[in-house]
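Chains as they are written, first to last, in numbering that gives the first Met the number 0: chain A, 0 to 212; chain B, 0 to 466.
Since the hints were derived computationally from the structure, they do not count as laboratory data. These figures come from a predicted structure and were not determined experimentally. Beta carbons are placed, not taken as given, at the ideal position from N, Cα and C, and that holds for glycine. Treat the hints with care, as some may be off.
[What the hints assert, rightly or not] With a straight-line cut-off of 25 Å between C-alpha atoms, the simulated DSS-like cross-links for lysine-lysine are:
id, chain 1, residue 1, chain 2, residue 2
1, A, LYS2, B, LYS161
2, A, LYS204, B, LYS3
3, B, LYS162, A, LYS196
[What the hints assert, rightly or not] A few chain B residues that face chain A, going by a derived Cβ cut-off under 10 Å, partial list only:
id, residue
4, GLY121
5, GLY192
6, SER318
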Amino acid sequence: MKKFEKLTGLVVPLDRANVDTDAIIPKQYLKSIKRTGFGPTLFDAWRYLDPGEPGMDHGQRRLNPDFILNQPRYQGAQILLARDNFGCGSSREHAPWALDDYGFRVIVAPSYADIFYNNSFKNGLLPIVLDRDTVDRLFLECAKTPGYKLTVDLATQAVITPSGASFAFDVDAFRKHCLLNGLDDIGLTLQCVTEIKAYEARRRKEAPWLFVN
Amino acid sequence: MAAKTLYDKLWDAHIVRTNEDGTALLYIDRQLVHEVTSPQAFEGLRQAGRKLWRIDANLATADHNVPTTDRSKGIADAVSRLQVETLDQNCRDFGITEFDMADPRQGIVHVVGPEQGATLPGMTVVCGDSHTSTHGAFGALAFGIGTSEVEHALATQCLIQKKSRNMRVRVDGELGPGVTAKDVVLAIIGKIGTAGGNGCAIEFAGSAIMSLSVEGRMTVCNMAIEAGARAGMVAVDVKTIEYFRGRPYAPKAALWDQAAQAWRALHSDVDASFDVEVSLNAADIKPQVSWGTSPEMVVAVDGRVPDPAKEGDTVKRGSYEAALQYMGLAANTPIRDIRLDKIFIGSCTNSRIEDLRAAAVVVKGKKVANTIKLAMVVPGSGLVKTQAEKEGLDKVFKDAGFEWREPGCSMCLAMNADRLEPGERCASTSNRNFEGRQGAGGRTHLVSPAMAAAAAIAGHFVDVREL
Ligand code: SF4
Numbered sequence: 000m001k002k003f004e005k006l007t008g009l010v011v012p013l014d015r016a017n018v019d020t021d022a023i024i025p026k027q028y029l030k031s032i033k034r035t036g037f038g039p040t041l042f043d044a045w046r047y048l049d050p051g052e053p054g055m056d057h058g059q060r061r062l063n064p065d066f067i068l069n070q071p072r073y074q075g076a077q078i079l080l081a082r083d084n085f086g087c088g089s090s091r092e093h094a095p096w097a098l099d100d101y102g103f104r105v106i107v108a109p110s111y112a113d114i115f116y117n118n119s120f121k122n123g124l125l126p127i128v129l130d131r132d133t134v135d136r137l138f139l140e141c142a143k144t145p146g147y148k149l150t151v152d153l154a155t156q157a158v159i160t161p162s163g164a165s166f167a168f169d170v171d172a173f174r175k176h177c178l179l180n181g182l183d184d185i186g187l188t189l190q191c192v193t194e195i196k197a198y199e200a201r202r203r204k205e206a207p208w209l210f211v212n
Numbered sequence: 000m001a002a003k004t005l006y007d008k009l010w011d012a013h014i015v016r017t018n019e020d021g022t023a024l025l026y027i028d029r030q031l032v033h034e035v036t037s038p039q040a041f042e043g044l045r046q047a048g049r050k051l052w053r054i055d056a057n058l059a060t061a062d063h064n065v066p067t068t069d070r071s072k073g074i075a076d077a078v079s080r081l082q083v084e085t086l087d088q089n090c091r092d093f094g095i096t097e098f099d100m101a102d103p104r105q106g107i108v109h110v111v112g113p114e115q116g117a118t119l120p121g122m123t124v125v126c127g128d129s130h131t132s133t134h135g136a137f138g139a140l141a142f143g144i145g146t147s148e149v150e151h152a153l154a155t156q157c158l159i160q161k162k163s164r165n166m167r168v169r170v171d172g173e174l175g176p177g178v179t180a181k182d183v184v185l186a187i188i189g190k191i192g193t194a195g196g197n198g199c200a201i202e203f204a205g206s207a208i209m210s211l212s213v214e215g216r217m218t219v220c221n222m223a224i225e226a227g228a229r230a231g232m233v234a235v236d237v238k239t240i241e242y243f244r245g246r247p248y249a250p251k252a253a254l255w256d257q258a259a260q261a262w263r264a265l266h267s268d269v270d271a272s273f274d275v276e277v278s279l280n281a282a283d284i285k286p287q288v289s290w291g292t293s294p295e296m297v298v299a300v301d302g303r304v305p306d307p308a309k310e311g312d313t314v315k316r317g318s319y320e321a322a323l324q325y326m327g328l329a330a331n332t333p334i335r336d337i338r339l340d341k342i343f344i345g346s347c348t349n350s351r352i353e354d355l356r357a358a359a360v361v362v363k364g365k366k367v368a369n370t371i372k373l374a375m376v377v378p379g380s381g382l383v384k385t386q387a388e389k390e391g392l393d394k395v396f397k398d399a400g401f402e403w404r405e406p407g408c409s410m411c412l413a414m415n416a417d418r419l420e421p422g423e424r425c426a427s428t429s430n431r432n433f434e435g436r437q438g439a440g441g442r443t444h445l446v447s448p449a450m451a452a453a454a455a456i457a458g459h460f461v462d463v464r465e466l
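Make the full structure from the sequences, and use the hints.
Structural data, given as structure tokens:
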């Protein structure tokens, strides 16, 4: 997994609550058997004026000039500022894959859907929760400051604005550790082989029907 | 010992180890696998040279991409075909049992698991699909996972999880005639919102929930995720236990007795406390229709499309306006005046035999309105389809002008050829009305099977209680 330590990046504000995973990456692209290449179709239905299908040359499609991601001042954004319940809907990991492939490393929102939140960490994408008032303030500052950048420091768990205001965020110690070091959870879990086997042996006695087929 | 909730009991029984930060390594009893969220997981295993931890804990079926029309010619769309073939190949390579497209047991993963008894009370069940919450209806801890976790569970039979908060939604009293499990869950989501259960595992309880059949409870738990909860669950009772008797993967003989005995303890202790409690009165629930692009945008059939101008919260007002714009609806339109183009009866929410029976009762002897372009019934599994045909339900639907299809996800998410065209409006028994969900520009109204059937006959929404 990609490491995440510290980043100062351009912010793009997506002022909409309940952005669902179908909006982040529409289902026609889920037919891919790969993990990469979803960036050009991130927010597909909002981003383009023509309907998208897999296999198209997305560079040739008509962009929706009104969609925030298409505005010149936000090109190259690495931080997505969002509203409540971001990533609701399906469990598709294609959503963080698409955000990552587009170039995002951080999302800042007041809340996320649980599965999306979890999936993000597994892909080196950091979902930060800040309270609603702070997020409102960031939306305002971002709107009136072209080239608005935030600094995100995972080690100290802080989001720092251009004026130097710093906001602390929470993150689970384990997830932080994995992200800082780019660790793969499967390898870590496989270090617990003895414990997993011991659990199975005990369970086989308590609930043998769970091991029949 | 402290009183425990059902969720606490299920959680505690599956802890392999507790980590310092409070997360746990949780043992997974069953993983269900389908074609969309698994290819990258198998690829990851191959790249790392990893094997499956416990092959027999997995069961696979193809559902999202499969055609619901004649399958003898295979899948026309090359990208879909490759994905389904990739699942077949991965299952062969790793030794996983798969109900492939030609298997009579194939169907939507959440219908197939319980139908086979592959999902059992007391299990932890995962699948790379958010509607895995469905399986909680049997007193199991079931939740959707992403592809990295699919790979993790395949390789280790475990997942690193953080415990959710305990939430209980009680629905007490008696449901009125024509009011179904779907209406109950839509009313719950209308009340608590799509983020109402974020961070929680919801236990659905109360006399109205326990009076539902197990299939009805599956409909309710199916949509727990639409309320933001990764897991939904219902306590085990006699109905739950009887449901599994004789199912292919269920325990037999002495093991059955031992299992059934253990399952009886799968309920919250009377004095268990919940972090969040919500209650609804069953008698207040009417048949529901969603009007917007989020399942919380729902009203009773005798209501009207809301007026965003009356909404105080600005973020909410904005999302209401956007939803009305997308849905092509004017504020204050009576729900009954909304005319439909297509009708979809199916999906893991409402495609089981009882759902088809409920719709057939409404349809019997009538004709689909001639303004409806397409009305289709897509059974949840091959076995549901066979059972329905045995009961003559296929004939009832076909005589009325419905199409009777092969099992799969179909127009629930339109990954196969079944979809809405831009601007088309559909009464659907599925679970999500997101923009573009049933096809780009398509407009979805979520309803119960009886309500969808009644709308097919009338051409617009009608109150099933008045039929
Ligand atoms: S029927 Fe719909 S919600 Fe259910 S698994 Fe299939 S696509 Fe997902």
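So which hints don't hold here, by number, going up?
-> Structure breaks no hint.
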